[in-house]
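With the hints as extra help, turn the sequences into a complete structure.
There are 2 protein chains.
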Amino acid sequence: MAKDKKLVESITSMEEDFAQWYTDVVKKAELIDYSSVKGCMIIKPAGYAIWENIQKELDRRFKETGVQNVYMPLFIPEGLLNKEKDHVEGFAPEVAWVTHGGMNQLQERLCVRPTSETLFCDFYKNDVESYRDLPKVYNQWCSVVRWEKETRPFLRSREFLWQEGHTAHATAQEAQERTEQMLNVYADFCEEVLAIPVIRGQKTEKEKFAGAEATYTIEALMHDGKALQSGTSHNFGDGFAKAFGIQYTDNNNQLQYVHQTSWGLSTRIIGAIIMVHGDNSGLVLPPAIAPVQAVIIPIQQQKEGVLDKANELYEALKGAFRVKTDCTDKSPGWKFAEQEMRGIPVRIELGPKDIEKGQCVFVRRDTREKYQVALEDAPQKLDELLKSIQKDMFARAKAHRDAHISDAKTYNQFQYALENKPGFIRAMWCGDQACEDKIKEETTATSRCMPFEQETISDVCVCCGKPAKKLVFWGKAY
Amino acid sequence: MAKDKKLVESITSMEEDFAQWYTDVVKKAELIDYSSVKGCMIIKPAGYAIWENIQKELDRRFKETGVQNVYMPLFIPEGLLNKEKDHVEGFAPEVAWVTHGGMNQLQERLCVRPTSETLFCDFYKNDVESYRDLPKVYNQWCSVVRWEKETRPFLRSREFLWQEGHTAHATAQEAQERTEQMLNVYADFCEEVLAIPVIRGQKTEKEKFAGAEATYTIEALMHDGKALQSGTSHNFGDGFAKAFGIQYTDNNNQLQYVHQTSWGLSTRIIGAIIMVHGDNSGLVLPPAIAPVQAVIIPIQQQKEGVLDKANELYEALKGAFRVKTDCTDKSPGWKFAEQEMRGIPVRIELGPKDIEKGQCVFVRRDTREKYQVALEDAPQKLDELLKSIQKDMFARAKAHRDAHISDAKTYNQFQYALENKPGFIRAMWCGDQACEDKIKEETTATSRCMPFEQETISDVCVCCGKPAKKLVFWGKAY
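Chains as they are written, first to last, in our numbering: chain A, 1 to 478; chain Y, 1 to 478.
There's no promise every hint is true.
No farther apart than 20 Å at their CA atoms in a straight line, the calculated lysine-lysine pairs in the PhoX-like style are these [unchecked claim]: (1) A:Lys63 to Y:Lys324; (2) Y:Lys440 to Y:Lys208; (3) Y:Lys324 to A:Lys136.
Since the hints were made in silico from the structure, they are not lab data. Computed from a predicted structure; not experimentally measured.
Take a look at the structure:
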């Protein structure tokens, strides 16, 4: 019992200190550990298994749209990084530099990729000759490095895992379509698989990616009312093509520049899963992404027949579900707490009394509701329950998100909402960066996106009172 | 037709220049491209898809033995790399050093991981407390960097992709069993999936991994008679545990050191696939690993009904096979040459005359044999043919390998075999490193392994004539 208490007591409640709650969950659910390299994390089995499921599902969705996977070098020569002016300004201050190979100083420094636009451009420059070579729809799964000063597990670390798609197209229209298509792949994935509702929209000029013509984003709302940018898709137009000289011969034998896109989603999304769904007992994982969907916990397992029956149940479920049995010598209470901490969607209790009645007990992680289930119905009932949990988790997250969107027509309303009701603020904007800067400076809120679904909630900019051009979602963000 | 010729003429024949043949295949089959980072390659879609299939199959086999995937940082602080003396001596001369993060010089240099023993040890030191925490059977899929002077695609590059397993066990026996188990996973994978026969054995002291007590290897023979080390598995005993202080409390409450292993297989194996199976028309891929197992090539595709029928056949095959249709506007001859270059195991020709007869033509890549197949039998016949190809490719590779093993009882025989019959040489060895050094210096052959299946083919060492201790496979190697 001492161990049970320790496990449960060791999480700070989210109402008391949300940041500490997050750190506790990340550690106690054994998702990550800190390494001796400052700002770099160790992703442990329970964390990496979530990433593997994300990869599997996203990769399948990518390939359905014609994406091919490749692998580009880890290093970018300094001269290559410098080729596109806006891009290098955005990234050079935060890259790690390799200066020596073995015992020798390198003639040219190499940076560890913070993102690979320049490498893909350098490749496409040689690989694309004719319109027949287009489109190129390539992606890579890899790690990237950005020398951040402040780091937090999953949310901001010096090294993180992601995928980065890089495409080249014959026309501007095709590039724009691909940019939006991939944003929608991300959004659908977040909503259908991670049960995280997202706002789809465009970033302002100030917030767009270094070197992009337009950046699109999906924005999710965390439990504490802060926003998290969860995936981005960029249209580069022909800016990189001109900087790198990526041209093709069209079907009239004319030289044309290609139009490019890139799009990425990273391990940061695991932070969103934690902060959208988690509670004061730990992680709560949506069934579609949970590495273990149900854990069978035998009660009084030393009694004759209990482990046999647990194993029989395991065999009946393992073909259709990601299931495991915990028959270690820990107490049932400890196992329950551990299942809750790790966010396993369903716990299946099975003791001598249940066996007498030919039943087991399902306990869902999200609501803690209990169900007595006849053993022969277990596979069907588990299937139904997992689907309900997935649906309910999305509905709850959406209700929370929607309840934390405020409309502000005046700057006073904006400030009041920000202080009293953490969440997204919808407010009109004149399109001038000065207003964005002022809002950020005075409130620390940033423009999250100009949503695709535009409305006019006021005729004037919430900040300066000049005529409004766009509805913007604002918020404090991770 | 000009294009057909160009495609075919552009490969050097392997008899004329094996190294150039290899480079040509790697480029023309579009497996890789060179990057502007010297010694680092770009893995293109056709190459990366092979690696994805290798990953999928190996990862499945790992997980069946209880392996869990994790992710460790890309960087190793210099002080951490220096902790195990033999290990740092082996790797420090060939690592890339990061000295600056953003605009600032780092207080301690970081090397880009050449392998991650030190990171796993640093982690296990904190993560392992009691015998209940053991064993740890972790693996990661990642890229590593070794600052090689001479590089060749897949075979030796400054950055390469691999998996590295790192385990910690309570007893020496368990560590030894895991070391052998993983070597056998590699060997079975190579033989069953890649159709590459391998010799399983132990490395000599001279050739073992830096820091290991014992290194086990699988050695394959390439078409030119050179050996390729295709996967290794190391038993570290408690050497790293003592250097890093990785101790656990056993069930008698006594502190004990853990026993560790590591094992890796890399993109180098793609080089083996090329050099074991390829021919003068290009790549030949074993069906079990081929990203595309069969390509349907319509003949006179502009004639009515041809593309429809090709599509019908595609639909009938796509559920059970990795199949595609090439209905681009290239000529059939060009498509045939491309299928051969890319090593697609079966080409399915389908023209108006075939359709009249209700048939198609299967052409296998390895032997070029043709089969007329009734359209309704195509799925079953393709399944049979792919299985035959897989089996025949292994048998041919094994026959070639076995025909290139010579026994040498004297140093003269050794030298004669090496000059006249490229391949493995089986010869007895006294166990003294001086003989290994002499053989390497005088013949450039190295000891590949002491095979698990030992025999006594002579009583004396092939080099010095002293009493022999071990049968050794020798050879020139990549």
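Structure-based check of all given hints:
1. Pair hint lysine 63 (chain A) plus lysine 324 (chain Y) holds up; C-alpha atoms about 14 Å apart against a cutoff of 20 Å.
2. At roughly 15 Å between alpha-carbon atoms, lysine 440 (chain Y) and lysine 208 (chain Y) fall within 20 Å of each other, so this suggested pair holds.
3. This hinted pair checks out: lysine 324 (chain Y) and lysine 136 (chain A) have alpha carbons roughly 18 Å apart, not beyond 20 Å.
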